[in-house]
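> Given the coordinates of chain A, assemble chain B onto it according to the supplied hints.
Number of protein chains: 2
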Amino acid sequence: MSFNAIQHSFRGLQLPAPARPTSITTQDGSDLEYVDIYKYLESLVISDPDFQSEDLNFLSRSERYDAAVKKSAQMILKLREYGISDPEEIYCYKSCVHRGRAEPLDLHLGMFLPTLLNQASPEQMETFFIPAWNLEIIGTYAQTEMGHGTHLRGLETTATYDPATQEFVMNSPTITSIKWWPGGLGKTSNHAIVLAQLHTQGKCHGLQAFIVPLRSMNTHMPLPGVVVGDIGPKFGFDEVDNGYLKLENVRIPRDHMLMKYAKVEADGTYVKPPSAKLTYGTMVFIRSMIVGEAGHALAKSCTIAIRYSSVRHQSEIRPGEPEPQIMDYQTQQYKLFPLLATAYAYKFVGQYMNQVYHRITGDISQGDFSELPELHALSAGLKAFTTWTASAGIEVCRMACGGHGYSRCSALPDIYVNFVPTCTYEGENTVMMLQTARFLIKSYRQASAGHQLSGIVSYLNESERRLQPQSVSSRPTVVNVNDLASLVDAYKLRAAKLVEMAAKSIQQELQKRVSQEDAWNNSAIDLVRASDAHCHYVVVKLFAAKLGEIGDTGVHSVLSTLALLYALQGIQQHSGDFLQTGLLSVPQLSQVSQRLKDLLAQLRPNAVALVDAFDYRDEMLNSVLGRYDGNVYEHMFEWARRSPLNKTEVHESYHKYLKPLQAKL
Amino acid sequence: MSFNAIQHSFRGLQLPAPARPTSITTQDGSDLEYVDIYKYLESLVISDPDFQSEDLNFLSRSERYDAAVKKSAQMILKLREYGISDPEEIYCYKSCVHRGRAEPLDLHLGMFLPTLLNQASPEQMETFFIPAWNLEIIGTYAQTEMGHGTHLRGLETTATYDPATQEFVMNSPTITSIKWWPGGLGKTSNHAIVLAQLHTQGKCHGLQAFIVPLRSMNTHMPLPGVVVGDIGPKFGFDEVDNGYLKLENVRIPRDHMLMKYAKVEADGTYVKPPSAKLTYGTMVFIRSMIVGEAGHALAKSCTIAIRYSSVRHQSEIRPGEPEPQIMDYQTQQYKLFPLLATAYAYKFVGQYMNQVYHRITGDISQGDFSELPELHALSAGLKAFTTWTASAGIEVCRMACGGHGYSRCSALPDIYVNFVPTCTYEGENTVMMLQTARFLIKSYRQASAGHQLSGIVSYLNESERRLQPQSVSSRPTVVNVNDLASLVDAYKLRAAKLVEMAAKSIQQELQKRVSQEDAWNNSAIDLVRASDAHCHYVVVKLFAAKLGEIGDTGVHSVLSTLALLYALQGIQQHSGDFLQTGLLSVPQLSQVSQRLKDLLAQLRPNAVALVDAFDYRDEMLNSVLGRYDGNVYEHMFEWARRSPLNKTEVHESYHKYLKPLQAKL
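Read top to bottom, the protein sequences are chains A and B.
Position one of the first sequence corresponds to residue 4 (our numbering), numbered consecutively onward.
Position one of the second sequence corresponds to residue 4 (our numbering), numbered consecutively onward.
Take these hints with a grain of salt, some might be off.
Stated by the list, open to error - Pairwise CB distance ranges (calculated):
no.	chain 1	residue 1	chain 2	residue 2	range
1	B	Arg-644	A	Thr-130	49 to 59 Å
2	A	Pro-663	B	Val-653	34 to 44 Å
3	A	Pro-176	B	Glu-552	48 to 58 Å
4	B	Ala-452	A	Ile-553	49 to 59 Å
Simulated from the structure, these hints should not be mistaken for lab results.
Remember, predicted model here, so these are calculated numbers, not experimental data.
Using N, Cα and C, we set each Cβ at its ideal position, and we do this for glycine too.
Chain A on its own, in the form it takes in the complex (with noise of 0.2 Å):
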């Protein structure tokens, strides 16, 4: 994912080579809209020979490993021979060449240029920016350390500053501070971004960045004290060399260290830097990309599962008739239709995501962060929240395909080993919406001491507050269940409960005398379930935002459904809190139950046509099952006859092992 910053880092900078085009123009001159260029960028690479690649899932690691540096590095040329430099063509074209999966350059593209670009001085830039840029600096970005993740107070790489030389020692004091995961640090990089404890004149200063040299630029061998290599083998990553990095008194110059903002003079002064919360913003903003990113595992699952769905017939619905497609069994429509509701949500949300982050980018450049800490707690909640339901959704869509899901060769295992690290990474997801809660909690209470609130949190005003019922037995709201408007306060009021009774939560904890601290980790589960359902609410609310915005009136008809099923069946889902709440009566709560099926059927005519709608070439989707044509055994067969297995009738462990245990016996 890091890779997506470099379409924030790179906008609007010159670059140094070649010209940039504003935009890409064909081979018949004519210029080209965003999703034609997309879909231009993609015929490129479809049509290129040079990424006709074997099926990776029939490689070694190495062997995977060495295709992606092998596809990279003719990436990067063809990059340069087309003219393409800006960001997100970039992105698109890379996405497109390594069929969305990472590779072994993504942090030097997507960390290493961008941090230099951030944080260098104008030396520094002058010095590491266009040997990075022309590949002779390969560099990665070296945080995460084998015993401390999320926390990053907690790193333990020490950087002392020596004056008599004027250099940095830098090491690794324990087991748990050798760099741990980054990716190409491994193999491929022969430098690394290395965030270490700044130690100059007696003093620790925190954290900083330095430029540490880890392989020779002739040999690429390890250099002195520079103990790298790959982690090994991971659930899916296959195409990266996630590296270990161990420093044993390794000695930087003194402008190795990145010193736009924080500074240490030759004689070892420290100078802070000013307040910036830059950093604060390329986290959001990658954020905001996985909520996409989420939106987009899911499309291609349901793509698969749901073309296969209807390709598959299995049993019987009515005795003596055919076997009937498994679309048209009522569990599979359950299983798979909200789920698609779910891929289209997610897609408008980081959509939306990412409008907003660039709407304030110009107020933050400028020093106005007062938007930020709202998108902040925002995006950290929906990563959390859209990666975990994206990636159960992905495993839900891999199973409703049988047993050919397990097969490589639907694609599906790829797409889930690839994904679910998002719940891991940029953030551990249930940190994530610790720090959503923490926002709302701190909102809930300036609301309940007459502060007004404003943006996305409204609703925890005391005055909308007043109007929510408070138990099962009071009065039930006039919630319509065929009306999304309804249904959206009805998320809404239930975020607002849920965060009060986090708060009092909270607040009994105190009371018993415990510290804030010990308060808030004995409410931490109530946390988490109103940051849930705060995020749901959003959800919800931007899925019937985005249906104002659609003028063909079938597209709006069938994304009205779709965005009704979305609510409705979140709301079965997590029934206890409406009924709870007192927000639904028992009789709305079967009411519920009855539209959904109805709202099933009446989608299973326009299941195929909204998958296709995404648009997947078969080419990017790589999946037996997903087949546009739906020609899916024939493919099956083939595929399988090219299992490396089946390089030989008679595979050697025959003649091995079995053929001479035969004659013992």
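Leaving out everything else, chain B in the frame of chain A:
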């Protein structure tokens, strides 16, 4: 899993070689209890130099298959050398050798041999069994086809009898009829039992089993007309050559049809089998084994996650204090402790199912099938209920380990990919839930018609149902959230209510004048929900019942806490059901939340002891994160350094692609 059928099918048989000891006798001559036998066999494997294999995560798929065949061949020799021939002891030893993974001979041992025993005529036993026992014949069981899984009547493979030559002509008439998935079919087996539609004298007589030679006994090359191979890489099961088989006019002698029951005479006359429900029994047995496996997989995952959560320090609860063990966070406890309770519950349920099955096996062999429908329905639903929750739970455990859970060294990816297919095989889970629902609805209707039900569904009797509350508005029942028996009752009433709701949904559909079948399909969501509630009730009930068997007061106390946690967490997760059916009031639900938090805190000091009690040896768990001694980080570093990408300091891709690229830019 299918291997487990061996336990079932070999029981009580005189196996050909060698003499079967009544129990293991150790070298000092003492006999051992069952648990000791398991530990003894485990220690035999752990100390055996032949079974100290390289880390499988570092091998390619072909190497993993090769290594598995090697181990299986060694295993067969050692079983004979040690004189181990009791089925449970074989299973135990095999499971230790392969660390619980599926292996290439699973279907030979678990399906091919048992099917011969159950369905071969005495003459066929003479011809086939001893060669198969001595692995001259290596067999598999080919049922599933590319286009046909759960619905057996849909299978397309044909066996057409030709009286002129007294042969069956075997064919795969369509692409969808190609046999697909059988383990060991791709490269290992030289024979298969093939399920095919029997055609003789111009009539189709449905599915029969045929022994089909696939490969030459001398060269192992496929025979004429046999197209056989590996189906390609999967999510997991890397050691198994799941295969395809296309038959093109393959002729087999008449006596290759298994003729213990049905027969085809020389002139082609078909002789019907006497009705036999024995295969029914095998299915029940295998599904009940899977329930135990769900407990096992979850227990291993909890062991890893809970041990690592006591090693991992992260962030802070109180400022200034050292980073706490992540096990101290309420959210982490809330993720893991209910799963720990679930693991215990499923282990107990698995034991119970096994006992019941063995108890009624005697009845079954005497033709008394009266208890089988209930057990069949229960095993189908519980298989689905436990595998779904355990699969999701394994992933929760994995993600609770943060980034390191994503590394193969955690063992959690491996546990997941090897367990999750249980949701699909031996009966797809949704289909299983609907089978249980069919039994529940049938029972409900019987009760409504005045018939008095006995057994586990007796709660559906009219008299009991009249005692139930009807809606939230009515007086809540006297559920005591601190009393397990009272909670078991609440689960029972919930199940009764949801079965009733599903039955009413069918009735309402019928009133719309749709067919029985459409009414069923249009109520499928409610039916699955009812089955789920029924299974949940059974699990809670059996967990509670187990407590009665425990004499040790300390153990009883901590298991009671676990059982209460399990029951309360289920109520919280399904609070909508309990509120909707009027079984709980809103204030009681708040009590449940508070009590849950108390129980988490209460279990915290015992958490590590509770996973240690599962007694997994490090060699079997094979997880760096789950090590008994807690020395996680040193071993993670050591493991990573052995990764294949670290065999050379500089990967060849540098010389092939990166250096040339640098020269061009």
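> All hints, please: hold or fail.
Each hint, compared with the structure:
no.: 1; hint: Arg-644(B) - Thr-130(A): 49 to 59 Å; result: 33 Å, violated
no.: 2; hint: Pro-663(A) - Val-653(B): 34 to 44 Å; result: 40 Å, holds
no.: 3; hint: Pro-176(A) - Glu-552(B): 48 to 58 Å; result: 53 Å, holds
no.: 4; hint: Ala-452(B) - Ile-553(A): 49 to 59 Å; result: 53 Å, holds
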